[in-house]
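Engineer: Now for the letters of each chain:
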Amino acid sequence: MQVSAFRIFFQTGAWLVIAFLVLPILVVLPISFTDTSYIGLPKEGLSLQHYANYFSDPDWLGATWTSVWVGLVVATCASALGTAFAIGCWFLSDRAAMVARWVLITPILVPPVVQSLGFYRFWVKLGLIDTHVGVILAHTLLALPYVSISVFAALTNLDRNLPRAARSLGASVMQTVWAVVVPAARPGIATGFIFAFIVSFDEIVGVLFITVRNVQTLPKMIWEGIQDNIDPTIAAVATLLIALTLLATAIGVLRRS
Amino acid sequence: MNTPILSIKNAVKRYGTVNALDGVNLDVAEGEFLTLLGPSGSGKTTLLSAIAGFIGLDEGTLALRSNDITGKPPEHRDFGMVFQGYALFPTMTVRENVGFPLKIRKRPAAEIKKRVDEALEMVQMGAFADRMPSQLSGGQQQRIALARAMSFDPQILLLDEPLSALDKKLRADLQWELKDLHQKLGVTFIYVTHDQDEALSMSDRIIILKDGAIQQEGGPNTLYDRPRNRFVADFLGKSNFIEATVTGGSGPTFHCESQGTPFDLITDEPCEQGQAISLALRPERLRLGLPGAELVPATVKQVSYLGERCQVLVVREGGEEFLVSRPTWKTDITPTPGLQVSIGWDADAPVVLAPS
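Line order of the protein sequences matches chains A and B. To convert, note that position 100 of the first sequence is 100 in UniProt numbering; the numbers rise steadily by one, no gaps. To convert, note that position 258 of the second sequence is 258 in UniProt numbering; the numbers rise steadily by one, no gaps.
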């Protein structure tokens, strides 16, 4: 088969882009197996000591657990609010929905530092600094646009006569929403939930601004680990996160096919 | 007439400066197949939405069997509704769709199952109970929507252009089925369409709407044979229009004259000598003859073959065009463009229109 130059050009380009995206991430892999006590490539052999350290250190495990449960609470809150918002907009006219959508995505547009400063000033007044509630509130705000955007997308092609049909058949507005609109939005809600969890799990800037000692999340722990002591446990944690992500993606792909 | 099942009094709905409904009065008889017919923007869908309760009226009242329902929300009106786009719930199976109104009414599961089966049987879709709507064709989906709207024994069935999204052949089949279903169940149907053939073939009574007002109402043949004004004559079927002057005679036979051609007119309408009148003349009431055989000399301009009928467009001297519809089996004349012919009609064929 003749392979055109055109094809070779674009295939090479595609592989280069993939390498550009993936290689920096993969650097942490050898570092995590290093036998040294500082961040660097393995010297004399591979070692699992930093993994062992992660799994035996209550600080690391505690921070991980905090990030997980905060992320789940945030995802739940953001999904509920974002879905309610998107469905409400869908019931209104298209124009209102469009305006509201733009207003809601501003948290994505505003630079995180600016936003975090806002959180800081406001949370001080409310007495929410260095509390889990404070972090959950801030993260819910940041995650909201992701949920509402994905629910909007799920509702875009939904027949606008569906609520009318449901109501003519005897369903009240609330019954209509629960029985007809929410099930149709479910794929969007699920996507939004995952996004919201990731947003919270990953968030560092806001956490640095609004927490001190009391609240310790995984990203903050990694950040502080790099600043204070150059501990290769960070690389082990990073590798575990990458492995977990790959696993989740693989399961997702397999379930779809 | 017995107490009407639905009574609409002076319904007005305004959108900005436009009156979508401009004082509609309408009584619907129990068990009737009523069609709201009109072009887009005529207010027929607005009227149906108001009956269903999806939009409120700015003025006027709605009564169901003499009970006022003007402000009642749609879910308490107990009217089934079928939509142009089917509006089946995409996340529910066919069975769940049809059972939805019964489930909302908290009927026991056994009863729901029985009535869903009956409703699906009624539209010959029993074999499809466990499919998802997306796995069905348009015609099948519309049958399911019909079963769903009927499964809870609604007071009235509202149909909003239910066949418009289907292809022509299927549409014709479903027209028969709908009419059949209406006769079998005896439920009152209120049917909205812009398709005059649909309206003529199915309805007991047709309401013709324009600009939010009723133009004329009556049975299909009354409307077709005795259109009251130019709009109705033109919208329901095709019509030729003749402007004429009454020159003499006294009812029911009058002498008239149009562009120098005298002719007789038989009508019940009161006419006076010297009065200018507008006449509507159906294409199938026009006769085509050899030159001199009929009243008005004309030239064939265009011929359109439609299978069982043939439509001939002729031009009379002075440029006035007439559409003649004749059976294809008639072979006394073979109309071709440019052929010299003559056209004529019976004295009782033209209908006198109200001045507009």
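Do not rely on the hints blindly, as some may be mistaken.
Below, a list of computed lysine to aspartate or glutamate pairs in the DMTMM-like style, where the Cα atoms sit at most 25 Å apart [unchecked claim]:
id, chain 1, residue 1, chain 2, residue 2
1, B, 9, B, 217
2, B, 238, B, 348
3, B, 169, B, 153
4, B, 168, A, 159
5, B, 103, A, 57
6, B, 301, B, 234
Everything labelled a hint here was simulated from the structure, so no lab data went into it. Please read these numbers as outputs of a predicted model, since none were measured by experiment.
Engineer: If a hint holds in the structure, say so; if it does not, say that too.
Structural biologist: Now the hints, each set against the structure:
The suggested pairing of residue 9(B) with residue 217(B) holds, with an alpha-carbon distance near 16 Å, which does not exceed 25 Å. With a CA separation close to 18 Å, the supplied pair residue 238(B) and residue 348(B) stays within the 25 Å bound. For the proposed pair residue 169(B) and residue 153(B), the alpha carbon gap of about 29 Å is over 25 Å, so the pair is violated. A distance of roughly 24 Å separates the Cα atoms of residue 168(B) and residue 159(A); the hinted pair therefore holds under the 25 Å criterion.
Between residue 103(B) and residue 57(A) the alpha-carbon distance is near 55 Å, which puts this suggested pair outside the 25 Å criterion. A distance of roughly 21 Å separates the Cα atoms of residue 301(B) and residue 234(B); the hinted pair therefore holds under the 25 Å criterion.
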